[in-house]
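Work the whole structure out from these sequences, hints included.
2 protein chains.
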Amino acid sequence: MKDNIIKGCFLDSDSPDRIRVVENAFLPVIDGICRGIVPVIPEAYRGLPVTDYGDRLILPGMSDLHLHAPQFSFRGMGMDLELLDWLDTYTFPEEAKYSDPVYVEQAYGYFTDALVHSTTTRAAVFATIHPAATLDLMEQLERSGLQCFVGKVNMDRNCPDSVREPDVQSALRDTEAWIQAANSRFVRTKPILTPRFIPSCSDALMTGLKTLQTRYSLPLQSHLSENYGEIAWVRELSPAAKCYGDAYDRFGLFGGEHPCIMAHCVHSTDEELELIKRNGVYIAHSPESNMNLASGVAPVSRYLELGLRVGLATDVAGGSQISMLRAMMHAIQASKLRWRLLDDSIRPLSLEQAFYLATVGGGAFFGKVGRFAKGYDFDAVVLDDSSLSHPQPLDPRSRLERAVYLADDRHLFAKYVAGKKIF
Amino acid sequence: MKDNIIKGCFLDSDSPDRIRVVENAFLPVIDGICRGIVPVIPEAYRGLPVTDYGDRLILPGMSDLHLHAPQFSFRGMGMDLELLDWLDTYTFPEEAKYSDPVYVEQAYGYFTDALVHSTTTRAAVFATIHPAATLDLMEQLERSGLQCFVGKVNMDRNCPDSVREPDVQSALRDTEAWIQAANSRFVRTKPILTPRFIPSCSDALMTGLKTLQTRYSLPLQSHLSENYGEIAWVRELSPAAKCYGDAYDRFGLFGGEHPCIMAHCVHSTDEELELIKRNGVYIAHSPESNMNLASGVAPVSRYLELGLRVGLATDVAGGSQISMLRAMMHAIQASKLRWRLLDDSIRPLSLEQAFYLATVGGGAFFGKVGRFAKGYDFDAVVLDDSSLSHPQPLDPRSRLERAVYLADDRHLFAKYVAGKKIF
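Chains as they are written, first to last, in the numbering used here: chain A, 1 to 423; chain B, 1 to 423.
Keep in mind that the hints were calculated from the coordinates and are not lab data.
Some clues are possibly wrong.
As a list, the in silico EDC-like pairs of lysine to aspartate or glutamate whose alpha-carbon atoms are at most 20 Å apart [stated by the list, open to error]:
| hint | chain 1 | residue 1 | chain 2 | residue 2 |
| --- | --- | --- | --- | --- |
| 1 | A | Lys97 | B | Glu139 |
| 2 | B | Lys210 | B | Asp246 |
| 3 | A | Lys242 | A | Asp270 |
| 4 | B | Lys420 | B | Asp3 |
| 5 | B | Lys97 | A | Asp395 |
| 6 | B | Lys97 | B | Glu139 |
Nothing here was measured: the structure is a model prediction, and the numbers come from that model.
Dropping the structure here:
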């Protein structure tokens with residue numbers, strides 16, 4: 001990684017309500033860190049090489065707060081069921097295949113390649129229960145230059161044998177060995193505890209995971225309040241919990257000291273939202289998945305108003321699209337239907353808000369990520385939208401909006417993660 | 001156009017609830033007409049050349065029942081307003097530019113090129129009020145080999161001067177001259193009467209259009225019951241009409257003898273639906289547009305149950321995507337949110353139903369179009385989805401479902417319209 005100066009048209013998010021546009025500007029990047037966007041090159045950096053992206057759009061790299069690597073292979077298929085039936089019918093049989101190292105190598109290769117050729121620079125990724133397959137995925141992601149948290153999934157109940165850890169002891173032993181292997185082998189790719197969700201994890205397993213969390217100081221990711229059937233099931237399984245979130249919290253596995261991502265939060269009660277806020281839990285808003293599995297639409301603009309930590313997620317393969325641009329599109333579209341069909345007191349998401357979620361909102365989970373402000377990691381994607389022909393010149397904000405709906409991997413011109421050029 | 005035999009894996013729609021899959025089969029195409037899919041080449045056709053598409057998917061060409069060519073240039077932009085404000089703020093200023101022939105040639109060139117490189121083989125297209133620009137668009141579409149209805153738009157009230165026809169006489173004179181020019185110049189590209197919608201057309205204009213319809217035996221396209229503000233406005237403007245549809249019907253401009261497409265029908269009352277059924281009006285369901293403009297979701301599976309004529313539409317640029325595959329995706333997604341958020345008595349659309357709408361449902365407006373059954377025009381798109389890598393072999397239906405979510409112009413391998421090979 002060499003210190004250099006990036007020149008071009010920068011867009012980033014000042015706040016949920018404002019996109020900052022700086023054209024023909026310079027961004028010195030020293031040790032992979034942004035030194036602030038400036039109109040002329042400061043004296044101190046005069047000798048550095050300049051990479052000039054001309055009129056192209058330079059956006060912060062995007063953070064995908066929730067997706068399932070083993071589901072990538074069946075994205076866009078089996079879109080005819082709700083969550084619990086979908087898991088049984090499509091997901092678990094597919095995830096069982098990840099005991100086969102040949103299948104793993106190929107399938108995770110496709111996944112990693114697609115993630116590299118997207119606007120995503122950071123991601124929080126579910127693998128499967130298989131330690132070897134999870135390490136293979138981490139190896140591929142490490143080589144890619146992306147910076148990801150990856151979780152070996154834990155499940156020891158209410159699922160087919162093929163995707164169930166045989167007992168609590170072996171589950172915890174496997175998980176600890178995987179954590180140690182990951183910590184020793186990878187720099188950019190970090191382990192994250194990943195109990196699938198309350199229905200698939202026994203109390204003993206959750207207690208053991210808390211011990212591992214404390215021992216290795218690990219973040220955690222799971223699912224929360226996605227679907228009515230799921231929520232009712234959790235109520236049965238955890239009758240003492242005050243809400244679904246509390247079913248994690250009573251094991252100390254719901255944020256607080258250790259960072260935590262909960263995917264969905266479509267149907268979170270006020271009580272649950274308070275707990276989310278108090279514990280600083282990150283909400284991974286997954287709009288396309290919540291459409292495809294007919295789960296509903298999380299009231300995201302309300303979550304932003306409440307000051308909750310919210311990021312955006314593709315949730316492949318509940319979501320079919322690995323593109324965070326398209327996740328922004330789906331977030332805006334779903335919020336409009338929620339406003340029209342369900343509750344017009346909650347405003348639809350603006351482009352500004354969706355852009356904030358995809359960059360700053362999720363980026364915060366990974367550190368100082370998601371902006372070009374001084375001190376932030378230089379995560380960036382450079383879009384060349386010139387092939388999206390238009391008979392008039394367009395301003396940068398309009399070009400960004402259009403990219404959300406229309407740009408794909410063909411329009412990705414360059415990509416940096418923490419200063420490292422990926423392509 | 002040469003008689004030949006197409007070989008490959010065919011998928012078409014038997015009914016709204018069934019996709020027919022025929023692998024390794026032959027389809028003789030004589031004079032551009034399908035002679036039926038057969039397992040072996042019949043004696044009578046033994047000498048014909050065979051075009052073998054191997055394992056690729058051969059789908060019926062799709063019919064886009066509603067889109068605006070002049071809006072193509074701003075698709076994916078200005079997605080922050082409801083219909084009436086969106087028209088005033090973005091649409092009318094853009095459409096006004098179509099008085100400039102240089103702008104027209106370029107912008108319609110982009111549009112035509114995109115339509116050619118989509119799965120659409122037939123379309124019902126809105127132009128602008130400008131006769132010369134509309135003929136330019138028709139010229140470009142004619143050269144492309146697609147088969148379209150194109151409408152010079154009529155508007156003589158409630159809109160800015162820049163997009164208003166100056167008076168009824170000149171509007172009708174221009175429209176008649178345009179019809180005559182189109183009829184004399186084009187074979188594949190046909191004129192369709194296009195009063196924009198009730199709010200922008202005076203009674204005198206509508207009466208005159210009826211005269212032209214009778215004189216030239218023309219179909220008609222317009223908008224219906226898209227947005228609450230629009231519907232309330234029509235009620236004010238046409239107090240005698242029993243419903244919005246009746247505001248067209250009292251001029252004889254609502255189906256019956258002459259085919260008619262009404263876009264949207266999101267909020268049609270039972271009375272309006274009865275009129276639609278009685279008059280055989282085609283509903284152009286435009287799911288993405290109805291999300292983007294926060295209009296709502298039409299209850300399409302109910303319309304199918306009622307036996308109404310329904311097709312699918314992209315409604316560019318209320319919709320951002322010109323792809324009918326993606327229109328199918330949006331139709332399914334929107335129907336799931338409608339089911340979850342508004343009314344769970346109306347089932348979400350299945351893949352089968354969405355495929356039916358995109359092929360047979362809309363195709364019927366253009367004749368015997370949208371199937372590979374004997375006697376149907378050979379409209380087809382051949383998809384090569386091999387670059388959508390998958391670690392397992394997939395059955396054709398799964399590949400079709402995946403294409404709905406993931407395929408784009410890169411996956412289009414060949415395209416035929418009425419037997420003519422476009423590429």
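Hints versus structure:
1. Lys97(A) x Glu139(B): 54 Å, violated
2. Lys210(B) x Asp246(B): The given pair, whose Cα atoms are some 15 Å apart, holds under the 20 Å limit.
3. Lys242(A) x Asp270(A): It holds: about 11 Å lies between the C-alpha atoms, which stays within 20 Å.
4. Lys420(B) x Asp3(B): 10 Å, holds
5. Lys97(B) x Asp395(A): 18 Å, holds
6. Lys97(B) x Glu139(B): 19 Å, holds
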